[in-house]
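Enquirer: Take the given structure of chain A and dock chain B to it, following the hints.
Residue numbers (the numbering used here), protein chains in the order written: chain A, 1 to 421; chain B, 1 to 196.
FYI, nobody ran anything at the bench for these hints, they're computed from the structure. Fair warning: there could be bad hints in the mix.
What the hints assert, rightly or not - Restricting the straight-line Cα-Cα distance to at most 25 Å, the calculated cross-link-like pairs of lysine-lysine (DSS-like) are: (1) A:156 x A:130; (2) A:79 x A:421; (3) B:168 x A:72; (4) A:72 x A:156; (5) A:156 x B:168; (6) A:85 x A:363; (7) B:149 x B:160; (8) A:104 x A:123; (9) B:62 x A:130; (10) B:62 x B:168; (11) A:72 x B:62; (12) B:149 x B:90; (13) A:72 x A:363; (14) B:62 x A:57; (15) A:77 x A:57; (16) A:130 x A:104; (17) B:160 x A:130; (18) A:104 x A:57.
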Amino acid sequence: MITKNSRGKSFIAIGAISILTLGVTAALAQKPPVRRGPPGLSTMDKSDRTMSNQSQKLRPHRAPPIATALDKIPVGKLKLPAGFKAEIWSHGHVNGRTMVWGSKGTMFMGSRRIGRVYAVVDKGDRREVKTIATGLTHPNGLAFRNGSLYVFAIHKVFRYDSIEDKLDNPGEPVDLTQAFNLPPEIHHNWKYVDFGPDGKLYVQVGANCNICEFNPGIRGHIRRYNADGSGMQIVARGIRNTVGFAWHPVTGELWFTDNGRDWAGNDGPQDELNRVPRNQEGANFGFPYCHANGIPDRDIVRPNPCAGVIMPAALTGPHAAGLGIKFYTGDMFPREYRNVAFIARHGSWNRENKFGYDVVTAKVQPDGTALIQPFMTGLLDENTNAFFGRPAYVLQMPDGSLLVSDEQNSATYRISYSGPK
Amino acid sequence: MRHLTQIRWRLACGLVAAAICAAPTLAEDTPLSKRIKDCAPCHGPDGNSRTATIPSLAGQPKFFILDQLIFIREGVRPVEAMAPFVKTLKEDEIVALAEHYAALPPKSSDENVDPALVVRGAALALRLRCASCHLPSLVGQEQIPRLAKQRIDYMNEVMKAYRDGRRKGGDSIMAATVFGISDADILALAHYAASR
Numbered sequence: 001m002i003t004k005n006s007r008g009k010s011f012i013a014i015g016a017i018s019i020l021t022l023g024v025t026a027a028l029a030q031k032p033p034v035r036r037g038p039p040g041l042s043t044m045d046k047s048d049r050t051m052s053n054q055s056q057k058l059r060p061h062r063a064p065p066i067a068t069a070l071d072k073i074p075v076g077k078l079k080l081p082a083g084f085k086a087e088i089w090s091h092g093h094v095n096g097r098t099m100v101w102g103s104k105g106t107m108f109m110g111s112r113r114i115g116r117v118y119a120v121v122d123k124g125d126r127r128e129v130k131t132i133a134t135g136l137t138h139p140n141g142l143a144f145r146n147g148s149l150y151v152f153a154i155h156k157v158f159r160y161d162s163i164e165d166k167l168d169n170p171g172e173p174v175d176l177t178q179a180f181n182l183p184p185e186i187h188h189n190w191k192y193v194d195f196g197p198d199g200k201l202y203v204q205v206g207a208n209c210n211i212c213e214f215n216p217g218i219r220g221h222i223r224r225y226n227a228d229g230s231g232m233q234i235v236a237r238g239i240r241n242t243v244g245f246a247w248h249p250v251t252g253e254l255w256f257t258d259n260g261r262d263w264a265g266n267d268g269p270q271d272e273l274n275r276v277p278r279n280q281e282g283a284n285f286g287f288p289y290c291h292a293n294g295i296p297d298r299d300i301v302r303p304n305p306c307a308g309v310i311m312p313a314a315l316t317g318p319h320a321a322g323l324g325i326k327f328y329t330g331d332m333f334p335r336e337y338r339n340v341a342f343i344a345r346h347g348s349w350n351r352e353n354k355f356g357y358d359v360v361t362a363k364v365q366p367d368g369t370a371l372i373q374p375f376m377t378g379l380l381d382e383n384t385n386a387f388f389g390r391p392a393y394v395l396q397m398p399d400g401s402l403l404v405s406d407e408q409n410s411a412t413y414r415i416s417y418s419g420p421k
Numbered sequence: 001m002r003h004l005t006q007i008r009w010r011l012a013c014g015l016v017a018a019a020i021c022a023a024p025t026l027a028e029d030t031p032l033s034k035r036i037k038d039c040a041p042c043h044g045p046d047g048n049s050r051t052a053t054i055p056s057l058a059g060q061p062k063f064f065i066l067d068q069l070i071f072i073r074e075g076v077r078p079v080e081a082m083a084p085f086v087k088t089l090k091e092d093e094i095v096a097l098a099e100h101y102a103a104l105p106p107k108s109s110d111e112n113v114d115p116a117l118v119v120r121g122a123a124l125a126l127r128l129r130c131a132s133c134h135l136p137s138l139v140g141q142e143q144i145p146r147l148a149k150q151r152i153d154y155m156n157e158v159m160k161a162y163r164d165g166r167r168k169g170g171d172s173i174m175a176a177t178v179f180g181i182s183d184a185d186i187l188a189l190a191h192y193a194a195s196r
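Isolated chain A, as found in the complex (with noise of 0.2 Å):
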């Protein structure tokens, strides 16, 4: 390890003198220069890219953005407990990702890059795709609110008014943008956002870089708002990027997903699902200086990272990159799937092995801990480490079936089930 850094020189020496000393001596002798950064973001991104070889194994995957033919789409390896089954629900909304009912039973649909949001049609035997907007700046963030949905593109919020009555003309939004005052920044900055019990639109907003230091009053948390974007609070803070985030429907509590660091080895830091616990809101999840469960950073090193830190309800595992979350609180699934969580997984990239490309099951502890468990699986092969899909988000349908978007396919899959309760 010592001898693959490429800051070299000092470490080698450190080496000679003592492991122990190495944290204090290393953070002495590699006193950053001073870096010029874009506007925004952090002047110290110490990710120490050298500590990882140039294995062509750790690079980012596409998005194809155009949608998979119907019958490419890789539902028949899906594989789920015994009783569920499968099927394609909708298909052709290029590389849709995030979902949202509206109130007379449309489902929206946002993206990332191809900059489209979809409205999907339940025309009972078929589902009908129509694309409402076009050209803006990774719409992921949606949210549906008294016929309204609201449309997050980093920092550019729209709010479409009665939009269910006129899909085929969307006409021209409400430009919410500068009451919400969001730094533009695009990247980890793409939004996910809801509404909570409270009534009160919850939106994160990510660390715009790998590992670095960065203002928390402007970034690396999860915030609030009144729906017309007055009244701003921050909800939790020390997040590095979370994309996904749900209200657990018995204890109210506010559960998110965050992706852990990149760049510091296959194994880790581990992805976290926290649990904001009551009266603590405003808490700190320890980005960047204490990931996963206690690990300090090793690039930006200082005394006690972890003190005062909430540790994860659940580590989701390295690179995973857990989205979407939902508590169930359906009728058609057994029992035991009562306000349980499901969590796309959208798989790793920055890992030799890949790993994730599944939903997995967030089974809250008495302890406040979750237990993760897989539920669906078969979109990767880990003999050849190929992928076949990305799932996203997961939505719970009105009959208690459950949607998963498949980014990489342009689809989303129905689950439902049938078997002995």
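Expert: Relative to chain A, chain B alone:
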């Protein structure tokens, strides 16, 4: 697509007078060749640009060209100069264009490569792990572009745009990669990459 067009042409030749067939250019424009004529003044007739800050397309990975054309058409990567040419592009035409340019041999740029900058750029590229994504030969793969033989002035400009948050519709992973490095370092990287 390109091969198919040629094969069809040869078949047609068998049926008509040899004099016409001997003509060096196609007697009739196919929809694809018409599109390619649109692109040639800027990107070069053989896909190798000789115009400052316009990228070469020859030998780019098919998926890189395909994806970028879709992003440019959608307006998420705005390229004003190209707008009139891409608006009406259909998906199968985009695939055909991507296959066409991916199959063309890349030629070195007509710019002067500075050997001292190449050496400096090579060291930087190693430290910043460009090869993890762009491959050690920098020929790119899938959605990740070829840098080898690309124009220096274009790469220099585009890396600064990524760093300064000016590249719209880009993959923000590149912004993270060139984060905080100096203009001089970016120029060295561009010389090194072009020299490969």
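Enquirer: With reference to the structure, classify each hint as holding or not holding.
Expert: Hint-by-hint comparison with the structure:
{"no.": "1", "hint": "A:156 x A:130", "verdict": "holds, 22 Å"}
{"no.": "2", "hint": "A:79 x A:421", "verdict": "holds, 19 Å"}
{"no.": "3", "hint": "B:168 x A:72", "verdict": "violated, 32 Å"}
{"no.": "4", "hint": "A:72 x A:156", "verdict": "violated, 35 Å"}
{"no.": "5", "hint": "A:156 x B:168", "verdict": "holds, 14 Å"}
{"no.": "6", "hint": "A:85 x A:363", "verdict": "holds, 21 Å"}
{"no.": "7", "hint": "B:149 x B:160", "verdict": "holds, 19 Å"}
{"no.": "8", "hint": "A:104 x A:123", "verdict": "holds, 13 Å"}
{"no.": "9", "hint": "B:62 x A:130", "verdict": "violated, 28 Å"}
{"no.": "10", "hint": "B:62 x B:168", "verdict": "holds, 21 Å"}
{"no.": "11", "hint": "A:72 x B:62", "verdict": "holds, 20 Å"}
{"no.": "12", "hint": "B:149 x B:90", "verdict": "violated, 29 Å"}
{"no.": "13", "hint": "A:72 x A:363", "verdict": "violated, 33 Å"}
{"no.": "14", "hint": "B:62 x A:57", "verdict": "holds, 20 Å"}
{"no.": "15", "hint": "A:77 x A:57", "verdict": "holds, 24 Å"}
{"no.": "16", "hint": "A:130 x A:104", "verdict": "holds, 15 Å"}
{"no.": "17", "hint": "B:160 x A:130", "verdict": "violated, 37 Å"}
{"no.": "18", "hint": "A:104 x A:57", "verdict": "violated, 45 Å"}
Hint compliance for this structure: hints 3, 4, 9, 12, 13, 17 and 18 are not met, and every other hint is.
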